[in-house]
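Heads up: the sequence lines are chains G and D, in that order. For the first sequence, numbering that gives the first Met the number 0 assigns the number 0 to the initial residue and increments by one for each residue that follows. For the second sequence, numbering that gives the first Met the number 0 assigns the number 0 to the initial residue and increments by one for each residue that follows.
Some hints here could point you the wrong way.
Covered stretches of chain D (chain G as the covering partner; in silico rule of three or more C-beta atoms under 8 Å from a C-beta of chain G) [what the hints assert, rightly or not]:
1) 17 to 31
2) 183 to 193
Quick look at which bits of chain D chain G covers, simulated, 3 or more residues with Cβ under 8 Å [as the list claims (entries may be wrong)]:
3) 167 to 175
4) 239 to 250
In case anyone wonders, no lab produced these hints; they're calculated from the structure. Every residue, glycine too, gets a C-beta built ideally from N, C-alpha and C.
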Amino acid sequence: MSRFIATSAIRGAHSVIADAEATLKDALQKMGPETPVAFTSTSYFLPVIFGFTGQKITKLGDMPAALQHARSLLPPVPRDNLWLPYLGETLDAGVATLFAEEIIEGIRFAKGQQPEQYNGHKLNGPIDDVQMRSWGIQMVDGRMPGFAAIVGAAKSNEVAVEIVRQLQSRGQLVFLCSQSNGRSIIDQLRESGVDLGYDTFTVTFGTDTYSAVYALGYATRAALSFGNVAAGDIRKILLYNKFRCFAFVLALGQVDDIKYATAAGAINYGFPVIADTVIPNILPSGVTRYAHVVSLPFDDLPGKDDLEKAQRLVQRCVEIRGIKIKIAQVPIPVAYGPAFEGEVVRRENLRIEYGGKGSMCFELLTTKSLDEVEDGKITVVGPEIDAVPDGAKVPLAIVIEVAGRKMQTDFEPVLERQIHHFVNGAEGIQHIGQRDIAWLRFSKSAVNKGFKLKHLGDILHANYHNHFGAIVDKVQITLYSDPEKVKQLMGKARAIYSERNIRTAGLTDEAVDTFYSCSLCQSFAPTHICVINPERVGLCGAYNWLDCRASYEINPTGPNKPVAKGKVIDAAKGEWEGVNKFVYENTQMKTDRFTLYSIMDQPMTTCGCCECVMVLLPECNGFMLVSRDDYGMTPCGMTFTTLMGTVGGGLQTPGMMGVGKYYLLSKKFISSEGGIRRVVWLSKNLKESMEEELKAVCEREGVPDLLDKIGDGSVATTVEDLLPLLEKKGHPALTMAPLI
Amino acid sequence: MPVEIPVEKWAGKVNEVKLGGNGRKSIVIGGETTLPFLKIDGAMPHRPAIAVEVDDVMPADWSPHLIAAWGDALEDPAVWAKKAAEYGADIIALTLDSAHPERGNTGAAEAKKTVEKVLAAVDLPVIIIGPDVAEKDNEVLIAASSVGRGQRLALGNCVDKNYRSVAAACIADGHVAIAKTPIDINLAKQLNILICDIGLAPDAILMDPTTGGLGYGIEYTYSVMERLRLAALIGDKMTSMPMICNVGEESWRQKEARATSGVPATWGDHQERALAWEGITAVSLLNSGADIVVLQHPRTIALIKDAISKLMA
Ligand code: SF4
């Protein structure tokens with residue numbers, strides 16, 4: 000806590016309370032305690048006081064009690080030799096200030112002096128309930144993030160207009176009040192001919208700082224109407240605003256004691272204060288979600304002129320409050336939507352291709368810190384499409400840099416993999432592959448409509464915000480079409496890919512204390528649940544542990560939930576208390592135990608969409624593994640499809656289970672039964688497509704020639720045929736401990 | 000020989016949801032601690048309710064039997080609602096169909112007027128259903144919400160595309176949201192979670208799991224509803240909302256209820272067949288856990304009333 004701010008705010012609070020006391024005394028004498036007091040069309044009385052205390056002020060005579068309460072909150076002005084942090088006291092002083100200001104405004108209402116008449120115009124004053132409710136709905140449904148309470152006056156009229164325009168374009172409500180050096184932003188906007196009123200989301204409160212209390216009255220009422228909160232339950236009111244009302248205070252021009260005091264009141268609501276002058280910063284989070292007070296001296300802001308600085312100022316305010324951006328429409332010259340995802344760009348219609356055989360193309364998404372990324376910046380390095388002849392093949396690097404308070408490097412590959420899906424949504428653009436085997440084809444029709452390389456950036460920017468807004472705050476994209484550059488960066492990208500591979504390989508079950516669940520398949524197999532650990536993918540093969548973790552961060556109410564491992568019950572079989580508990584509660588109490596490394600004892604349930612099914616072949620003392628795309632007969636006497644009818648649907652069947660094919664490569668692959676040594680039969684297509692990886696695993700497990708000893712559909716489709724082969728080749732399963 | 004009947008003890012309870020009040024008749028639904036009508040295992044404190052559909056425009060494609068049964072009342076939602084009350088409706092389900100972009104594209108102002116009129120005409124609890132186009136739903140439901148402030152209407156449909164606005168209006172004006180999802184237990188649960196997350200109280204939510212008519216997917220609806228109810232009884236708070244089923248519309252639009260010619264003689268009298276279609280659909284869904292059935296034909300109202308009484312006895 001800044002000592003300077005604390006002192007100023009507390010001093011300011013003393014002066015506002017003294018003013019309120021004198022004003023109230025005078026009003027009581029002249030008008031009497033029965034004089035009614037009411038803000039414009041509201042059923043929330045003086046809303047800040049009502050919210051904090053539940054007290055319903057309807058007449059002057061109700062006010063002394065509230066003011067006394069304010070006085071009691073007031074800490075003494077810190078002495079010069081006091082160096083302790085003052086956060087709590089300053090916040091209390093802020094609350095006291097709001098009470099006093101609301102009382103003064105209430106008295107002004109009683110005297111008929113509110114809403115204020117100013118320069119021949121009537122200002123709006125407090126917002127009525129009907130409008131509050133209508134905006135409140137927009138705030139809850141996300142169309143309107145919150146409000147900006149602007150206090151003071153901007154550097155110039157142009158700057159004032161630009162700030163307000165920038166805020167309006169983000170759907171932010173703009174409240175206007177107070178002045179600085181005798182000028183108010185209200186004057187500035189009026190002189191520039193800006194329409195002020197409910198219709199343009201701009202509300203004039205008053206020309207002194209006291210009227211800023213109307214902003215907090217609005218926030219209080221929003222919480223009372225939409226937060227299921229009762230008056231007097233102030234903790235909930237403040238928390239509601241902290242987490243749901245994306246408001247902030249923007250102090251333009253010099254900040255005096257009363258502004259500090261009022262700002263301290265606003266901070267109670269979780270609203271940060273940003274000033275365009277030099278004041279001390281209070282950066283750590285706490286009462287606000289991020290910084291409390293941030294100084295952004297206007298002339299020091301980046302930008303070539305004042306207008307750019309104004310844009311930058313608003314952009315920073317939005318970041319500081321943590322307002323998320325949604326982009327309703329992807330700004331590109333071709334149609335965009337899931338309908339175009341499957342589209343193929345054929346040779347006749349091909350205008351240009353990036354990557355593919357004989358060329359280079361890669362995509363890389365990395366994390367940077369918040370101030371290293373300029374949101375929405377899209378740069379093309381190298382020739383744009385118009386500079387390239389028809390049908391040309393050009394190298395390309397798509398480099399995406401994201402920043403976000405909740406972003407983690409582990410999410411990079413998850414986000415990177417989305418490029419395929421995002422880019423394919425554009426009509427006439429085809430994307431294939433990922434990482435350094437990416438390949439893009441642009442059609443003539445798309446390019447004729449004006450599609451350029453830079454539009455890839457627009458697509459990615461919009462989609463990352465819309466789909467990953469929970470973890471990504473800023474996105475910038477650089478598209479390199481300069482062959483030298485691409486070559487140069489390729490090495491760096493490959494180093495990062497291999498780092499990621501190593502990291503994924505090194506991610507073990509022991510290294511984490513949380514697994515993730517997936518309940519996506521419950522829509523057709525209601526008692527099925529997948530528990531996904533770092534060393535085992537979901538049985539459909541589509542979700543690994545990192546995917547689930549990212550998905551949970553992005554959408555906490557979605558299908559992936561964290562599962563705390565809890566106490567270990569059996570390390571060898573992979574059984575944990577936490578997992579069992581979770582499984583029980585999430586399988587309609589049908590399954591109460593799950594082992595993660597065993598197929599014989601309480602294996603995982605199986606739904607309908609597994610990549611492979613594993614089945615015990617008792618005669619062979621091992622297991623066969625058949626993949627979904629193997630249509631042939633298998634040694635257990637059933638095809639894949641028939642097997643699915645037996646094991647699917649959320650059942651737990653010892654000796655049978657569905658698995659993702661990459662589970663075969665895991666160190667935890669049925670480790671409790673002996674791992675890959677137990678595999679006696681494997682679908683031929685799997686054997687072939689995963690040959691390299693499988694060989695490496697056999698090597699690792701100390702049975703380098705195992706793959707040759709495993710049967711497949713081309714040599715045996717019955718146990719009678721399989722067994723002699725295994726014996727002939729000396730398959731290790733035959734001599735292992737009996738499974739039954 | 001005495002037979003011991005096995006008794007299932009459930010941990011969960013369906014939420015009790017109140018509609019109406021504040022000068023209007025009120026009704027409470029839900030509250031079950033057992034499967035439908037299975038009183039051995041637990042209690043079913045409230046009768047399932049009958050809502051009767053009233054449209055703000057003369058329905059263009061209704062069966063002649065429905066048109067004959069309601070007569071001129073179809074031309075004025077207020078008269079229609081009154082008549083429905085006389086026939087024994089517990090709730091009026093007013094559909095603002097004219098707001099559909101292809102059926103009139105009326106807006107907030109018209110919706111306000113219609114809702115005011117119907118609220119003035121009857122003192123029963125009222126459900127307001129939008130035209131089933133998310134943006135238009137928002138427009139007319141928010142208008143209806145402010146007109147009916149404090150009267151605890153039920154507003155639908157609240158779907159994944161517009162749930163925030165409808166839920167916000169319900170919070171602001173004290174109404175109940177009808178959360179509608181396409182026959183999927185996960186989606187139903189997720190929508191409930193999202194709505195609660197916004198701040199609407201769980202006892203201000205009804206679920207519409209989407210209903211298929213008899214012969215048109217009713218078995219699928221049945222099992223989704225049954226599973227939702229089982230989950231609620233096991234103790235899942237996010238599936239514990241009472242359920243509402245749009246029986247009338249789904250039944251009357253099927254071939255069996257519509258076809259007057261070109262069908263086998265064994266199908267019998269057209270009107271009786273159509274009524275049976277609506278009646279059987281309703282009874283089936285009541286047995287799978289429906290707490291409100293929305294009906295269309297006056298005779299079905301009487302029939303289902305009687306059926307509910309017998310099932311509750
Ligand atoms: S099989 Fe795949 S989609 Fe289905 S629950 Fe498991 S991980 Fe999720």
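Checked hints:
Counting residues of the stretch 17 to 31 of chain D whose C-beta sits closer than 8 Å to any C-beta of chain G gives 0, which falls short of three, so the coverage hint is violated. Remark: the stretch 183 to 193 of chain D is confirmed as covered by chain G, as 7 of its residues place a Cβ nearer than 8 Å to a Cβ of that chain, reaching the required three. With a threshold of 8 Å between beta carbons, the proposed coverage of the stretch 167 to 175 of chain D by chain G holds, since 5 of its residues qualify and at least three are required. With 0 residues having a beta carbon nearer than 8 Å to a beta carbon of chain G, the stretch 239 to 250 of chain D misses the requirement of three or more and the stated coverage is violated.
Hints 1, 4 from the list above are not met by this structure, while the remaining hints are.
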